[in-house]
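There are 2 protein chains.
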Amino acid sequence: MSKYSIGLDFGTNSCRSVIIDISDGRELGTTVFDYPSGELGILTDPSDPNVARQNPQDYIDGLKFVITGSLEEARVNDPEFDANEVIGIGVDTTGSTPVPIDESGTPLALSDKFKNNLNAMVWLWKDHTAHAEAAEITSKAEELRPQYLAKCGGTYSSEWWWSKILHLKRCAPEVFDSAHSFVEHCDYIPALLAGNTDPSSIKRSVCAAGHKAMYSHEWGGLPDKEFLNELDPAFSDLRDRLFSEAFSSEKSAGNLCKEWAQRTGLVEGTPIAVGAFDCHMGAVACGVKEGVLTKILGTSTCDIAVMPNTKALDDVPGVCGIVDGSVLPGHYGIEAGQSAVGDIFLWLVNNLVPDSYGASTDDKFVKMEEMMSESSPGSSGLLALDWNNGNRTILVDVRLSGLLVGQTLQTKAHEIYRAYIEATAFGALTIINRIEEYGVPINEVVTTGGLAVKNDTLMQIYADVLNRPLKVAISDQTCAVGAAMFGASCSGDYQISELQNNCSKVREEIYNPNSDHVAVYKDLYSLYLELHDSFGTGEWQGNLSGVMKKLIGIREAQRS
Amino acid sequence: MSKYSIGLDFGTNSCRSVIIDISDGRELGTTVFDYPSGELGILTDPSDPNVARQNPQDYIDGLKFVITGSLEEARVNDPEFDANEVIGIGVDTTGSTPVPIDESGTPLALSDKFKNNLNAMVWLWKDHTAHAEAAEITSKAEELRPQYLAKCGGTYSSEWWWSKILHLKRCAPEVFDSAHSFVEHCDYIPALLAGNTDPSSIKRSVCAAGHKAMYSHEWGGLPDKEFLNELDPAFSDLRDRLFSEAFSSEKSAGNLCKEWAQRTGLVEGTPIAVGAFDCHMGAVACGVKEGVLTKILGTSTCDIAVMPNTKALDDVPGVCGIVDGSVLPGHYGIEAGQSAVGDIFLWLVNNLVPDSYGASTDDKFVKMEEMMSESSPGSSGLLALDWNNGNRTILVDVRLSGLLVGQTLQTKAHEIYRAYIEATAFGALTIINRIEEYGVPINEVVTTGGLAVKNDTLMQIYADVLNRPLKVAISDQTCAVGAAMFGASCSGDYQISELQNNCSKVREEIYNPNSDHVAVYKDLYSLYLELHDSFGTGEWQGNLSGVMKKLIGIREAQRS
Chain L
17 MSKYSIGLDF GTNSCRSVII DISDGRELGT TVFDYPSGEL GILTDPSDPN
67 VARQNPQDYI DGLKFVITGS LEEARVNDPE FDANEVIGIG VDTTGSTPVP
117 IDESGTPLAL SDKFKNNLNA MVWLWKDHTA HAEAAEITSK AEELRPQYLA
167 KCGGTYSSEW WWSKILHLKR CAPEVFDSAH SFVEHCDYIP ALLAGNTDPS
217 SIKRSVCAAG HKAMYSHEWG GLPDKEFLNE LDPAFSDLRD RLFSEAFSSE
267 KSAGNLCKEW AQRTGLVEGT PIAVGAFDCH MGAVACGVKE GVLTKILGTS
317 TCDIAVMPNT KALDDVPGVC GIVDGSVLPG HYGIEAGQSA VGDIFLWLVN
367 NLVPDSYGAS TDDKFVKMEE MMSESSPGSS GLLALDWNNG NRTILVDVRL
417 SGLLVGQTLQ TKAHEIYRAY IEATAFGALT IINRIEEYGV PINEVVTTGG
467 LAVKNDTLMQ IYADVLNRPL KVAISDQTCA VGAAMFGASC SGDYQISELQ
517 NNCSKVREEI YNPNSDHVAV YKDLYSLYLE LHDSFGTGEW QGNLSGVMKK
567 LIGIREAQRS
Chain Y
17 MSKYSIGLDF GTNSCRSVII DISDGRELGT TVFDYPSGEL GILTDPSDPN
67 VARQNPQDYI DGLKFVITGS LEEARVNDPE FDANEVIGIG VDTTGSTPVP
117 IDESGTPLAL SDKFKNNLNA MVWLWKDHTA HAEAAEITSK AEELRPQYLA
167 KCGGTYSSEW WWSKILHLKR CAPEVFDSAH SFVEHCDYIP ALLAGNTDPS
217 SIKRSVCAAG HKAMYSHEWG GLPDKEFLNE LDPAFSDLRD RLFSEAFSSE
267 KSAGNLCKEW AQRTGLVEGT PIAVGAFDCH MGAVACGVKE GVLTKILGTS
317 TCDIAVMPNT KALDDVPGVC GIVDGSVLPG HYGIEAGQSA VGDIFLWLVN
367 NLVPDSYGAS TDDKFVKMEE MMSESSPGSS GLLALDWNNG NRTILVDVRL
417 SGLLVGQTLQ TKAHEIYRAY IEATAFGALT IINRIEEYGV PINEVVTTGG
467 LAVKNDTLMQ IYADVLNRPL KVAISDQTCA VGAAMFGASC SGDYQISELQ
517 NNCSKVREEI YNPNSDHVAV YKDLYSLYLE LHDSFGTGEW QGNLSGVMKK
567 LIGIREAQRS
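Heads up: the protein sequence lines correspond to chains L and Y, in order.
Residues in the first sequence are numbered consecutively from 17, following the numbering used here.
Residues in the second sequence are numbered consecutively from 17, following the numbering used here.
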């Protein structure tokens with residue numbers, strides 16, 4: 017008799033669930049719920065493009081909808097499926113996505129007092145309002161606790177836990193004062209399902225705490241009170257109302273409570289895995305292991321690499337942290353990523369591509385990809401930086417912007433699209449190079465996400481730029497599958513390594529580098545690096561007078 | 017009884033004539049002839065975007081058409097008009113636009129042997145095929161004859177006389193060998209009208225020779241044979257078949273021959289002024305004088321300033337030459353310009369502006385200008401370099417390209433359009449600053465050309481960036497009017513200064529700088545200069561890590 021597990025994946029615009037057969041990863045049922053609030057689920061502020069919040073009610077409504085929906089679908093797809101055989105629940109979410117909560121663990125945003133207050137909502141990962149606080153935390157940690165900073169890449173980000181809470185304290189002190197505690201989205205959902213949201217007993221994710229909240233066993237958990245007091249006197253008290261220990265996701269966060277069992281049709285008492293971030297669980301479903309980098313290629317990207325924790329590993333500057341157990345048991349998890357990839361292409365096609373390419377967004381993409389397949393690398397003479405939404409790794413700087421160089425009076429929209437694809441690939445290569453420099457080998461890349469399965473042109477360009485074979489995970493919802501794998505693991509009967517052998521599969525088609533293209537991209541990448549370092553770092557010295565001339569030279573060589 | 021003069025203006029895509037009343041500049045008749053050959057009159061080569069040639073037959077056909085047409089129109093507009101009272105003919109053309117000619121002065125391209133040979137055609141000013149030869153001439157002159165180079169701005173351009181002839185010698189020796197001599201377009205037309213195209217007796221323009229062919233009284237005319245021999249052994253012989261003296265345009269190049277009098281209806285014997293380049297004669301019709309810079313604002317721009325030749329004037333690096341008498345008698349003429357202005361806007365609107373702005377090119381421009389009038393300087397966070405077609409002044413480098421920085425995921429097409437308008441204005445300011453640095457005051461700017469009369473938004477941005485009042489010449493065809501003024505002057509009865517008092521008028525509306533905008537543009541210009549110097553010069557040292565952050569800071573300040 018088969019056994020099943022259910023994975024719940026909370027993304028930026030929607031949440032979904034998937035039910036897998038843990039013997040082979042077969043997906044029996046999937047349901048998606050689009051968040052109804054705001055614009056595609058995001059609450060924004062017209063006066064400040066940095067604001068990105070969410071309504072926690074969307075999570076609660078979605079939770080019931082996707083679990084019941086996927087159970088129903090599983091029954092339709094496989095008459096032998098039995099909900100009683102779902103042996104575990106796993107949860108992943110975006111992050112760092114902190115939720116201000118009251119003493120009972122209820123989000124402030126659900127109360128009458130705060131239901132219309134944007135600052136009391138959930139602070140979505142891509143909220144960038146706290147950039148000044150991030151700079152301040154970086155600077156104070158540099159001076160007072162360099163070890164905290166080294167562990168999270170050398171720069172503390174505006175997307176992360178303490179920056180957001182500090183900004184909340186300053187911009188909306190009445191909300192901060194009303195918050196008894198804060199919880200990551202990925203910790204809130206398991207606690208809700210377990211029927212115990214008491215802030216002091218919520219099991220916290222080491223993935224979230226380690227990558228975003230400066231948590232480490234090395235210094236006894238969260239940052240010490242003296243340091244937190246330097247950020248804000250209220251923070252040393254707050255520390256007592258947060259948590260002292262965090263757990264990896266093969267551990268259980270609790271068991272399904274009666275109320276949520278009745279609501280969803282799952283069995284009361286089903287074990288629930290400690291939550292983690294989406295790309296970390298997705299990486300496991302992609303088969304992440306030593307030597308393999310996994311990359312979720314969507315509106316933004318998230319890259320995950322691992323190293324056995326039996327080996328010595330230096331801190332890697334610029335990455336989003338190195339945390340023991342954040343991805344695989346017994347391994348350091350290394351997280352990195354790009355703030356915008358698919359988002360850049362969407363911006364381009366929706367704002368700067370004339371209708372001669374097609375009437376709809378999709379038509380335009382198809383036509384542009386068709387046209388660029390007839391051209392060779394470098395033949396447009398264009399080069400771009402992929403920073404339209406800042407640079408997460410390796411510069412950790414939201415106050416950067418896009419750049420395009422090499423335009424003539426003949427430049428076409430599809431050439432610009434190609435330049436942006438290449439720019440995001442160069443950004444991806446910069447991340448890989450940085451991780452390898454610090455002793456973590458990356459021999460192949462396994463991708464997943466919308467772009468990986470839909471965009472052949474992009475995938476070949478990535479293989480050529482990265483000069484590594486590119487594989488594509490078999491599932492269309494790897495994060496949810498990864499969550500389901502942890503759900504199965506936290507029952508105690510299965511090891512993650514065993515589940516990876518059974519469930520983490522890739523498609524047959526592999527994108528292999530084309531050696532002619534590799535050579536051209538090597539030249540273009542050296543120019544990308546000049547732009548990257550000159551615009552992105554204060555250390556670089558020189559001028560860029562060779563860039564345009566070399567681009568013209570490459571263009572001429574490629575066209576002749 | 018009124019007296020009249022006729023001006024003939026040969027542009028890039030068409031030629032035109034205008035008949036003026038020399039007592040007040042009133043325009044009686046105008047006719048335009050679109051060159052029928054190639055694409056908008058330009059012969060191109062699909063395999064090399066640098067090629068831009070013209071068919072000399074277009075000039076000959078146009079010459080008859082525009083003169084007869086404008087005489088007819090003058091008769092219609094003013095019954096008192098009498099063609100016998102046209103006392104002079106002036107001619108301006110683009111340049112450097114050399115024509116390979118045989119022993120009789122007939123263009124090789126008109127012969128059966130060469131009529132289909134692109135290299136035997138007229139080499140239009142904007143042909144950039146000779147960039148390697150330009151670099152070679154610059155380098156040899158730097159070493160052997162620095163004085164030649166200093167007089168033409170320190171860098172010899174691919175758009176100029178010797179570069180083009182040297183490239184012809186190398187790429188098509190059979191054409192070079194068949195050419196007895198070469199003549200500038202502006203010297204060919206007066207010679208043709210005078211019925212004497214014998215290469216040894218064609219009166220050559222000091223404007224063309226001085227600005228483009230390294231001609232100066234200081235070294236006895238054209239470059240010496242020893243130097244020319246260094247460029248190519250054939251060049252020292254060629255020098256004997258060119259010319260030893262060049263003249264300014266208040267001098268006569270000859271008198272209208274019987275044949276062309278019969279063809280056109282003008283009086284045989286009418287004096288014809290020595291030719292000059294379009295923007296030089298246009299400057300005179302705009303009222304150029306000490307302290308006033310004139311700017312022809314079209315697909316590209318041409319800037320002209322003057323200084324009395326009684327004052328000492330240092331060589332100005334980066335300008336297109338300083339030539340005594342090239343604009344006004346008794347004055348040094350200083351030419352400068354931008355390789356693409358309106359051409360950049362046309363490229364943008366035709367390639368990167370979606371139909372949501374409008375169905376036609378004009379509709380899109382109108383809508384974008386309307387939308388940008390609601391925004392303030394710097395509020396988009398964008399900054400561009402205006403080098404899509406290289407940089408003529410002050411860098412004299414065709415191997416440069418466009419650049420746009422500051423894009424986010426919200427950037428709109430009309431914001432990019434504004435950034436490009438601003439970039440061309442910053443390029444214009446860079447030229448003015450360079451000229452002023454060398455002691456030539458620029459207190460106001462008089463503009464003419466399509467953009468000056470059609471684009472209010474652009475004109476206000478230019479006034480704000482240049483921080484000077486901007487005036488617009490009254491005529492829509494200032495170059496032809498300027499040519500007519502020289503036609504009148506070469507009769508010997510009128511001084512140019514007197515004709516300027518009568519005919520060089522500006523419109524009532526003046527664009528005055530807005531002080532709030534001036535302050536923002538000062539900040540943006542300092543960032544433009546960083547990009548300009550880092551990408552455009554080998555000397556600059558530093559990094560550009562402040563640029564994106566300052567642009568974001570300005571954007572935030574302007575939006576709040």
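Hints in this document: simulated from the structure, not taken from any laboratory.
Note that the Cβ used here is the ideal one computed from N, Cα and C, for glycine as well.
Be careful, since some hints might not be right.
[Stated by the list, open to error] What follows is a set of in silico ranges between Cβ atoms, one per label pair, in the way DEER data are often shown:
id, chain 1, residue 1, chain 2, residue 2, range
1, L, 148, Y, 466, 44 to 50 Å
2, Y, 542, L, 53, 51 to 57 Å
3, L, 386, Y, 554, 50 to 56 Å
4, L, 531, Y, 189, 55 to 61 Å
5, L, 53, Y, 29, 41 to 47 Å
6, Y, 542, L, 557, 16 to 22 Å
[Said to hold, decoys possible] Which residues of chain L face chain Y? A partial, calculated answer using Cβ under 10 Å:
id, residue
7, 197
8, 376
9, 423
10, 564
[To be verified] EDC-like mimics (lysine to aspartate or glutamate), calculated; alpha carbons at most 16 Å apart, straight line:
id, chain 1, residue 1, chain 2, residue 2
11, L, 80, L, 284
12, Y, 565, L, 284
13, L, 565, Y, 94
Hint-by-hint comparison with the structure:
1. L/148 / Y/466: 44 to 50 Å: holds (47 Å)
2. Y/542 / L/53: 51 to 57 Å: violated (43 Å)
3. L/386 / Y/554: 50 to 56 Å: violated (41 Å)
4. L/531 / Y/189: 55 to 61 Å: violated (39 Å)
5. L/53 / Y/29: 41 to 47 Å: violated (56 Å)
6. Y/542 / L/557: 16 to 22 Å: holds (19 Å)
7. 197: violated (32 Å)
8. 376: Interface hint status for residue 376 of chain L: violated (12 Å vs cutoff 10 Å).
9. 423: Hint holds; residue 423 of chain L Cβ to chain Y Cβ min 3 Å, cut 10 Å.
10. 564: This hint holds: residue 564 of chain L lies near chain Y, its Cβ roughly 5 Å from the closest one there, short of 10 Å.
11. L/80 / L/284: Within the cut-off at roughly 15 Å; holds.
12. Y/565 / L/284: With Cα atoms ~53 Å apart, residue 565 of chain Y and residue 284 of chain L exceed 16 Å; violated.
13. L/565 / Y/94: Violated: residue 565 of chain L and residue 94 of chain Y sit about 56 Å apart, past 16 Å.
In terms of the numbered hints stated before, the structure departs from hints 2, 3, 4, 5, 7, 8, 12, 13, listed from lowest to highest.
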